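Listed in order, the protein sequences are those of chains A and B. So the mapping is simple: our numbering equals the position in the first sequence, first residue as 1, plus 323. So the mapping is simple: our numbering equals the position in the second sequence, first residue as 1, plus 1.
Quick caveat, the hints were computed from the structure, so don't treat them as lab data. Do not take every clue at face value.
[To be verified] Pairwise CB distance ranges (calculated):
#1 B/Arg142 to A/Gln484: 50 to 56 Å
#2 A/Arg331 to B/Leu122: 53 to 59 Å
#3 B/Arg201 to A/Asn417: 36 to 42 Å
#4 B/Asn246 to A/Pro601: 29 to 35 Å
#5 B/Thr119 to A/Val341: 47 to 53 Å
#6 A/Arg331 to B/Arg142: 32 to 38 Å
#7 A/Ser458 to B/Ala115: 41 to 47 Å
#8 A/Asn417 to B/Thr119: 43 to 49 Å
[To be verified] No farther apart than 25 Å at their CA atoms in a straight line, the calculated lysine to any residue pairs in the SDA-like style are these:
#9 B/Lys247 to B/Arg85
#10 B/Lys247 to A/Thr533
#11 B/Lys255 to A/Tyr461
[Said to hold, decoys possible] Not the full set, but computed from the structure, chain A residues with beta-carbon under 10 Å of chain B:
#12 Gly343
#13 Val437
#14 Glu442
#15 Pro482
None of the values given here were measured: they were computed from a predicted structure. Glycine included, C-beta positions come from ideal geometry on N, C-alpha and C.
Next come the chains, spelled out residue by residue.
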Amino acid sequence: MQMVISTRELKSYYVLDVFGKGKVIKAVDDVNIDVRENEIYGIAGESGCGKSTLLKAIFGIMDPPLRLTAGKVLYFHKEQVYDLYSLNSEARRNLRWKFISYVPQGSMNVLNPVVKIKETFKDFLDSHLKGKTKSQYYEMAKEHLASLGLPPKILEAYPHQLSGGMRQRVTIALATLLNPKIIIADEPTTALDVVTQRGVIQLLRDIQSTLMNTIVLVTHDMGVQATMSTRIAVMYAGRIIEEAPTKKLFQDPKHPYTGYLIHSLPKFGDKSRRDSAPGSPPSLAALPLGCAFHPRCPYAFERCKSQTPTLKSYEPDHKVACWLMEER
Amino acid sequence: MNFVKRYLLPRLIIYFLVIFIGITTVFIIPRLLPTDPVLQTITRLRAQGAYMDPESTQRTIETLQELFGLKGSLSDQYLRFWQRLFKGDFGPSFFQFPTPVITLIKQSLPWTAALLLTTTLVSWFLGNILGGFAGYFSNQRWGRFLDYFAMVIRPMPYYILALGLLILLAYIFPIFPLGGGYTIGMRLTWSLNTLLTLLRHAFLPALSLLLIGTFVWFQAMKLVVQSVKNDDFVKYAEAGGIRLNKIATKYVIKNAMLPQITGLALSLGQIFSGALITEIVFSYPGLGTLLYNAIFTGDYNLLMGITAISILVVTTSILVIDLLYPLFDPRVRYK
Chain A
324 MQMVISTREL
334 KSYYVLDVFG
344 KGKVIKAVDD
354 VNIDVRENEI
364 YGIAGESGCG
374 KSTLLKAIFG
384 IMDPPLRLTA
394 GKVLYFHKEQ
404 VYDLYSLNSE
414 ARRNLRWKFI
424 SYVPQGSMNV
434 LNPVVKIKET
444 FKDFLDSHLK
454 GKTKSQYYEM
464 AKEHLASLGL
474 PPKILEAYPH
484 QLSGGMRQRV
494 TIALATLLNP
504 KIIIADEPTT
514 ALDVVTQRGV
524 IQLLRDIQST
534 LMNTIVLVTH
544 DMGVQATMST
554 RIAVMYAGRI
564 IEEAPTKKLF
574 QDPKHPYTGY
584 LIHSLPKFGD
594 KSRRDSAPGS
604 PPSLAALPLG
614 CAFHPRCPYA
624 FERCKSQTPT
634 LKSYEPDHKV
644 ACWLMEER
Chain B
2 MNFVKRYLLP
12 RLIIYFLVIF
22 IGITTVFIIP
32 RLLPTDPVLQ
42 TITRLRAQGA
52 YMDPESTQRT
62 IETLQELFGL
72 KGSLSDQYLR
82 FWQRLFKGDF
92 GPSFFQFPTP
102 VITLIKQSLP
112 WTAALLLTTT
122 LVSWFLGNIL
132 GGFAGYFSNQ
142 RWGRFLDYFA
152 MVIRPMPYYI
162 LALGLLILLA
172 YIFPIFPLGG
182 GYTIGMRLTW
192 SLNTLLTLLR
202 HAFLPALSLL
212 LIGTFVWFQA
222 MKLVVQSVKN
232 DDFVKYAEAG
242 GIRLNKIATK
252 YVIKNAMLPQ
262 ITGLALSLGQ
272 IFSGALITEI
282 VFSYPGLGTL
292 LYNAIFTGDY
302 NLLMGITAIS
312 ILVVTTSILV
322 IDLLYPLFDP
332 RVRYK
């Protein structure tokens, strides 16, 4: 299948200066992912494992102290390969929204509070298209909302007049405005109640099935991952530790951490106690030597404590970074 | 209509209540003073050598009490105080007896209003726009230059800056007159020549006020912008590839302006206490000098007059801004 985005040994660190002492937080470390056309690629992992940072690195919106330390992000657009971090800001701006768009985390405050929604739509259209009048932009926004099944009258509202779910839908509508090939959604359902979550998920899925584009979905909610994603990458302490098609991952998790994640989900009719991974996630500023998961891993052995495992394919389509795979 | 009932009406009632209480205070406070202005005037007349027999003294006292509004019981005085107020009559000034207070104010007010209204408004606009852009594009060279400039100008005591300008532009390079509102002996008529003379005289006072004012607003705005530009909606607009100039104006400045609007209302109200130092340094006519003389000579009719007008103007400008505010911030639109 055709690739749309690919990262090569991507490293993105927060470089902090704490009382004169340099401190490096390895939020994204050696990440290689290939996102293909027409799939929903899920990135899962607990809070603070570097999911959002990975998205920022892929999208190219890094503010200091976050820096790209090494690696490349490649965009495959119209038979051409763009190396994101070698492009100038104007070229990057041109790819935004036409090729790749972004649904931000916490959409409560992402809309300009002092202008109507239609103004925000106009600004997004105006910055990427040319030679249209104001009323044409409003008309386009109206048609777009109608095609997504959202009431066009919300264009006349101010952000504070909309509910949280509606605001999230507005950001999804904004993200799909120019039919991008890839949409990056950062925790789109977090902070919404379950009923609204369902609506938002349904909207994203409808969009994907009509546009046949790609969605990169980041959420810690394994339930959402299970219903939405076609492929899932599990992140732990800044690294991808397992990547497989959803069904495979849920049926046969290879990495002990993935196993804990999946077994923590409640099942119908099963009233037994759920085990969670012992201990708590490590600080990204002081990672343990070797595999970052080894202090919490019941199967850890000597090699795990000294060497860091790399992500390798053990079955077609199933990549794992764990020394246990080698021992078998 | 809901707006009128639920917002406008209560707001107007508060407006009139504040004016009522303020002006009543203006009435009460001078009456708590231990000095008797009538006796003071008589003493002054006597000191000037005027002889008065007891009968005419008594008549003078009554006339003066009438003029100063001190006749009858306190409630009578209060009622008459309001009656006279509606006619714009604040009684005679003591300092320039018997010129009515309202005449003095009418002479000074146009100078102050013209100078301060323009400089306040212009410096507000300039300061906010410059501060907004400099705050958003904070790593641009011109922004940093403005910032350093503000750091030099802003902490400078105003009178030093004013004197500096005066020495530089009126004495060393005599481009502008040393002082005054117009050339001495000149007739104020409606002609281009008069206008030019007035502008030439007003230039230095206006420049000094503009410099300080602009950079005060500049620094305040820059601070607000620095927090607004990290807000989610700005970051999102940047991620969306919206052009930076548009983000600066429509997203950053439009939001950061909100607290500045309140600030404008307050500084507009201060106009009517004049700009004393400006007026003294540039010997420019205006309310500041008038107020200063009123305090210095214990001329409380004049003080009451200026204070009453000031109360009216401050409350009115706050009311106007309050009513206009929802146009700028839809979140405070009244249900």
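Right, here's what the structure says about each hint:
1. B/Arg142 to A/Gln484: 50 to 56 Å: violated, 42 Å
2. A/Arg331 to B/Leu122: 53 to 59 Å: Roughly 57 Å apart at Cβ, these two residues keep to the hinted range, so it holds.
3. B/Arg201 to A/Asn417: 36 to 42 Å: violated, 53 Å
4. B/Asn246 to A/Pro601: 29 to 35 Å: Between B/Asn246 and A/Pro601, where Cβ atoms are some 54 Å apart, the hint is violated.
5. B/Thr119 to A/Val341: 47 to 53 Å: For B/Thr119 and A/Val341 the Cβ distance comes to about 50 Å; the hint holds.
6. A/Arg331 to B/Arg142: 32 to 38 Å: holds, 36 Å
7. A/Ser458 to B/Ala115: 41 to 47 Å: holds, 43 Å
8. A/Asn417 to B/Thr119: 43 to 49 Å: holds, 45 Å
9. B/Lys247 to B/Arg85: violated, 54 Å
10. B/Lys247 to A/Thr533: Given that 25 Å is the threshold and the Cα spacing comes to 32 Å, the pair is violated.
11. B/Lys255 to A/Tyr461: holds, 21 Å
12. Gly343: violated, 24 Å
13. Val437: holds, 5 Å
14. Glu442: At about 8 Å, which falls below the 10 Å cut-off, the nearest Cβ of chain B leaves the hint on A/Glu442 intact, so it holds.
15. Pro482: holds, 8 Å
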